[in-house]
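**Student:** Spelled out from the first residue to the last, the chains are:
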Amino acid sequence: MEILLKFLEKNGLVVAFLVVGLMIFGADNVSKRLLNKKVPTPAVAIVFGLLLAYVGGTISGGEKGIADVKLFSGMGQLGGSMFRDFAIVSTAFGASILLMKKSGVVGAISLLIGTILSFCLGVFVAFGLGIRDAVSLTTIGAGACTYIVGPVTGAAIGASSEVIALSIATGVVKATVVAIATPLLAKRIGLDNPHTAMVFGGIMGTNAGVMAGLAATDPKLVPYGALTATFYTGLGCLLCPSVFYLIIRTIV
Amino acid sequence: MVIYGVALLAFCYLVGQVVGEYLGIWLGVEANVGGVGFAMLLLIVINSWLEKQGKLDTLTQSGIQFWNQMYIPIIVAMASTQNVKLAVSSGAVALLAGALPVAVCYFMIPYLTKAFKPSTEQ
Chain Y
248 MEILLKFLEK NGLVVAFLVV GLMIFGADNV SKRLLNKKVP TPAVAIVFGL LLAYVGGTIS
308 GGEKGIADVK LFSGMGQLGG SMFRDFAIVS TAFGASILLM KKSGVVGAIS LLIGTILSFC
368 LGVFVAFGLG IRDAVSLTTI GAGACTYIVG PVTGAAIGAS SEVIALSIAT GVVKATVVAI
428 ATPLLAKRIG LDNPHTAMVF GGIMGTNAGV MAGLAATDPK LVPYGALTAT FYTGLGCLLC
488 PSVFYLIIRT IV
Chain Z
1083 MVIYGVALLA FCYLVGQVVG EYLGIWLGVE ANVGGVGFAM LLLIVINSWL EKQGKLDTLT
1143 QSGIQFWNQM YIPIIVAMAS TQNVKLAVSS GAVALLAGAL PVAVCYFMIP YLTKAFKPST
1203 EQ
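Residue numbers (my numbering), protein chains in the order written: chain Y, 248 to 499; chain Z, 1083 to 1204.
No lab work stands behind these hints, which were simulated from the structure alone. Just so you know, not all the hints are guaranteed correct.
Dumping the calculated DSSO-like pairs for lysine-lysine here, alpha-carbon to alpha-carbon at most 27 Å [stated by the list, open to error]:
hint: 1; chain 1: Y; residue 1: Lys434; chain 2: Y; residue 2: Lys317
hint: 2; chain 1: Z; residue 1: Lys1199; chain 2: Y; residue 2: Lys279
hint: 3; chain 1: Y; residue 1: Lys257; chain 2: Y; residue 2: Lys348
hint: 4; chain 1: Y; residue 1: Lys253; chain 2: Y; residue 2: Lys348
hint: 5; chain 1: Y; residue 1: Lys253; chain 2: Y; residue 2: Lys467
hint: 6; chain 1: Y; residue 1: Lys434; chain 2: Z; residue 2: Lys1196
hint: 7; chain 1: Y; residue 1: Lys253; chain 2: Y; residue 2: Lys317
hint: 8; chain 1: Y; residue 1: Lys279; chain 2: Y; residue 2: Lys434
hint: 9; chain 1: Y; residue 1: Lys285; chain 2: Z; residue 2: Lys1134
hint: 10; chain 1: Z; residue 1: Lys1199; chain 2: Y; residue 2: Lys467
hint: 11; chain 1: Y; residue 1: Lys467; chain 2: Z; residue 2: Lys1196
hint: 12; chain 1: Y; residue 1: Lys348; chain 2: Z; residue 2: Lys1137
hint: 13; chain 1: Y; residue 1: Lys348; chain 2: Z; residue 2: Lys1199
hint: 14; chain 1: Y; residue 1: Lys434; chain 2: Y; residue 2: Lys284
hint: 15; chain 1: Z; residue 1: Lys1134; chain 2: Y; residue 2: Lys467
hint: 16; chain 1: Y; residue 1: Lys257; chain 2: Y; residue 2: Lys317
hint: 17; chain 1: Z; residue 1: Lys1134; chain 2: Y; residue 2: Lys348
hint: 18; chain 1: Y; residue 1: Lys467; chain 2: Y; residue 2: Lys434
hint: 19; chain 1: Y; residue 1: Lys467; chain 2: Y; residue 2: Lys348
hint: 20; chain 1: Y; residue 1: Lys434; chain 2: Z; residue 2: Lys1199
hint: 21; chain 1: Y; residue 1: Lys257; chain 2: Y; residue 2: Lys467
Start from the sequences, fold in the hints, and give me the full structure.
**Tutor:** Dropping the structure here:
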């Protein structure tokens, strides 16, 4: 048994291929037989993934979901940022540069609106729940942008580690909500064309959430959403510890 | 050959990410700014150029298509490595501050989309 476990650990990435294949096979069956294709297979598979992440986090007490369980450590490699970004770049193959150009301006505008809106609402919620100092407010507002903007901002302006952890949690909640809610709300917000996908990517910004949400809605839209979302974290890291922090400090 | 497609993708990925890294440093930000976006644009440009030259055979394309098809499995793997436990167990501040912006942003999308219809000229 021990030898087998060691063997599987050593071949983590290949194990992950098998595990994800089985998950998608299961999700495909659930989608077709139980849900009458109303929820697409990728959406079911992503929910499976999130559930697995919860189980993994509970078992191991770590931060990387199922990847902290040794047997599944390969999931961390397969789902890590290198493979993710590599695969996402490949989705541009076949995307229309004409459509991207046409929606470029609104993409940029939605980036700015998305960052400001998320930050302000994050600060608003934190203030409403009794947090009063400018550093903590700014850090949590930044966490409401993405779970990378939060800790980067917090570190830059000297937030405590509890607040930084809180801002990461805020960003993870956001990514999770976007991933789950997008396929359910797509029709209502008209998310069925590249133009709206670019607005969506810009305004939501959280990479993991946007990409998972679009993949679950319609994989053809992924490159358009990814194109704008990829600028969001950078923009957030630029604005939150500087302009936004100064504004919050002046107000509080 | 399949490897040509994979290598082309790798070239675009690396160039784009490096540009994003340097842009981040230049802006004084501790993050990659638009690396994936630059890589995607580069891939589109090189792809259409190669197509015009007639140098993009099916095998080369399938080297890129493979990764295109692997995208969802990779996202599933990514989902399973998120810190969901932290998100679920982190209390009202994180739950509200994470969820409320999403709700409001969804509400904004139809308005933004309508206000900036893509230009129909060209």
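**Student:** Taking the earlier hints as the rules, which of them does this structure contradict?
**Tutor:** 1, 2, 3, 4, 5, 9 and 21
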